[in-house]
Amino acid sequence: MNWLTNFVKPRINALVNRKRDVPGNLWQTCPSCGQMIFARDLKANLSVCQHCGHHLRVSAVERFAMLFDDGVHARVETPAVVQDPLKFRDHKRYPDRLKDSRARSGEKDAMLVAEGKIGGQPTVIAALDFGFMGGSMGLAVGEAFLAAAARAIAAKAALVAVTASGGARMQEGILSLMQMPRTTIAVEQMHEAGLPYIVVLTDPTTGGVTASFAMLGDIAIAEPGAQIGFAGPRVIEKTIREQLPEGFQRAEYLLDHGMVDMVVPRAKLRETLAQVIDLLMRPKAAAPAAVEPAPADGRA
Amino acid sequence: MNRFLDFEKPIAELEGKLAELRQLGDAGGAGIGEELANLESKVEKLLRQTYAKLTPWQKTQVARHQDRPQFSAIVAGMVEGFTPLAGDRAFADDKAIQGGIGRIRGRAVMIIGHEKGSDTASRLKHNFGMARPEGYRKAIRLMGLADRFGLPVVTLVDTPGAFPGIDAEARGQAEAIARSTEATLGLGVPVVACVIGEGGSGGAIALAAANRVLMFEHAVYSVISPEACSSILWRGTDKAELAAEALRLTAQDLFQLKVVDAVIPEPIGGAHRDPKAAIRSLADAIERNLTELDGQSRSSLKARRRHKFLDLGKVGL
Ligand SMILES: [Zn+2]
Chain A
1 MNWLTNFVKP RINALVNRKR DVPGNLWQTC PSCGQMIFAR DLKANLSVCQ HCGHHLRVSA
61 VERFAMLFDD GVHARVETPA VVQDPLKFRD HKRYPDRLKD SRARSGEKDA MLVAEGKIGG
121 QPTVIAALDF GFMGGSMGLA VGEAFLAAAA RAIAAKAALV AVTASGGARM QEGILSLMQM
181 PRTTIAVEQM HEAGLPYIVV LTDPTTGGVT ASFAMLGDIA IAEPGAQIGF AGPRVIEKTI
241 REQLPEGFQR AEYLLDHGMV DMVVPRAKLR ETLAQVIDLL MRPKAAAPAA VEPAPADGRA
Chain B
1 MNRFLDFEKP IAELEGKLAE LRQLGDAGGA GIGEELANLE SKVEKLLRQT YAKLTPWQKT
61 QVARHQDRPQ FSAIVAGMVE GFTPLAGDRA FADDKAIQGG IGRIRGRAVM IIGHEKGSDT
121 ASRLKHNFGM ARPEGYRKAI RLMGLADRFG LPVVTLVDTP GAFPGIDAEA RGQAEAIARS
181 TEATLGLGVP VVACVIGEGG SGGAIALAAA NRVLMFEHAV YSVISPEACS SILWRGTDKA
241 ELAAEALRLT AQDLFQLKVV DAVIPEPIGG AHRDPKAAIR SLADAIERNL TELDGQSRSS
301 LKARRRHKFL DLGKVGL
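Chain order of the listed sequences is A and B.
Those letters in the first sequence? Residues 1 to 300, per our numbering, in order.
Those letters in the second sequence? Residues 1 to 317, per our numbering, in order.
I should point out that these hints are in silico values taken from the structure, not numbers from a laboratory.
Beta carbons: idealized from backbone N, C-alpha and C, even for Gly.
Don't take every hint at face value.
[Stated by the list, open to error] Ranges of calculated distance between the beta carbons of each label pair, as one might list FRET restraints:
#1 A:ALA155 x B:VAL315: 25 to 35 Å
#2 A:ALA103 x B:ALA108: 49 to 59 Å
#3 A:LEU279 x B:ALA303: 23 to 33 Å
#4 B:LEU124 x A:GLY71: 48 to 58 Å
[Stated by the list, open to error] Each computed DSSO-like pair below joins lysine-lysine, with the alpha-carbon atoms no more than 30 Å apart:
#5 B:LYS314 x A:LYS87
#6 B:LYS258 x A:LYS108
#7 A:LYS87 x B:LYS239
#8 A:LYS156 x B:LYS302
#9 B:LYS258 x A:LYS87
#10 B:LYS125 x A:LYS238
#11 A:LYS92 x B:LYS314
#12 B:LYS314 x A:LYS108
#13 B:LYS239 x A:LYS92
Here chain A stands alone, though its shape is the one from the complex:
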């Protein structure tokens, strides 16, 4: 279920065979309520079901289009990395899996980086694509995230991470685990530069990505209904042999448990990001010059 199969293919097909009676191409079924949605309506509604409000998964490329001012952005090149460092194979060789994902997506790996403006403020977005091997984090994602932070620091820009990941890239073994401290270093570098780092947690964000840069945002925003957690629900059920409570690991559950600052519907996401980035990047700009607010503890 990715952007390509959801959107590009139906659109191309719609153009190629202009038959009206091919519902598979023009219509999509909402995975939550099961209602049919006209593909064009879905796209216009930022891939949110107009019947039930379910937020469908979207690609990194779509994120750039919906978050940057007027969708205007430039892609930031991400560094090349060692391919298949462990010579990993299950019943498929890892390079073959990579090749398939690359052919399907036209991208090198699961994290894409772009720069532009949000609310007029320079911003770099590092977005994970769940469609590319489940948004899993290996060397390429780690390097892309470090490159995103480096670009943000060089441009004195805010960094926004949009996460969607099943966790670590198993096929890179321990080197995928090492991306947890490596991405954490990128966050530290943002702190040291005094620039905001904001995380938008989307469905699903689990495993090593959650347990590193996804949970280290200065501000943490989650999309409604997004599954966010460390361990996968099946692993938990198997371990504790109990049914999981309703709404467990959903964005709203994390908000209730103090793990995120807010749950923001996709339609309000850009506006919310613009507001917090402005507040953090231009703390003095909006304050009236004459009335400096007194320190909270009353000392001058």
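Got chain A; can you put chain B with the ligand on it based on the hints?
Here is chain B with the ligand on its own, set in the frame of chain A:
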């Protein structure tokens, strides 16, 4: 009495014979001494041979061996004046992560690590070394304390992974792990991490973003357990042996990948056969590495630690 692993069957048989012969001992008369010595050297030879070419899956079993020295045994064996410290000051004291101050070879340190427990009761008490958020938050608190007083931090990593449970998720397991990694990376004191048994994924890295990462010869360190990897990629847990091979989780492979800085030798037949010797070997390695880190400034310790991790992944196998 040794507890034998499946692949140790030939060793078990020889040791069984050895035990019989010893029992016979006094009644056996002359010549038995020679026979005993003969058999003993056979056992040692077989142990040496077997342990020199353990497969990754066999190493996984050795790393999980119940008689392998755990945090508490290691601390008892090498830390003088150990003073345990408890609690995260927010929620609870997680028994899966232990910590405290004491001296290793005369040097005051903060020592933090996973405790798996060594029998059923203690394994339950320590939740098999699977920590909850409060465990990582305790670790963060203790690292902060060490940082303020200039104590080097020594961590002992031995966990199947962070606990996958409802309560752990509710209290922010992922956040706790991320913050623990962040706290370790930010320390201005030397940090030496030792993977003593099982280095299980995020639960391990939370205590292992160190200046020096050491690993026992037969320990394993991996992003996912061979069983879980097998069930995801091979659709069944019966391929754990293949998954263990593919994951390259041995100390020897990780040393080649530069993820591990030094491999600590274990006694013949593994740490569980001679815990005292294993602990001595570990203490030697910790002392040596702490000495090497002596005299570095706070900012240099932090910068070099950072570079060590940033440089990873430039070489494959
Ligand atoms: Zn719907």
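Any of the earlier hints contradicted here, and which numbers?
none
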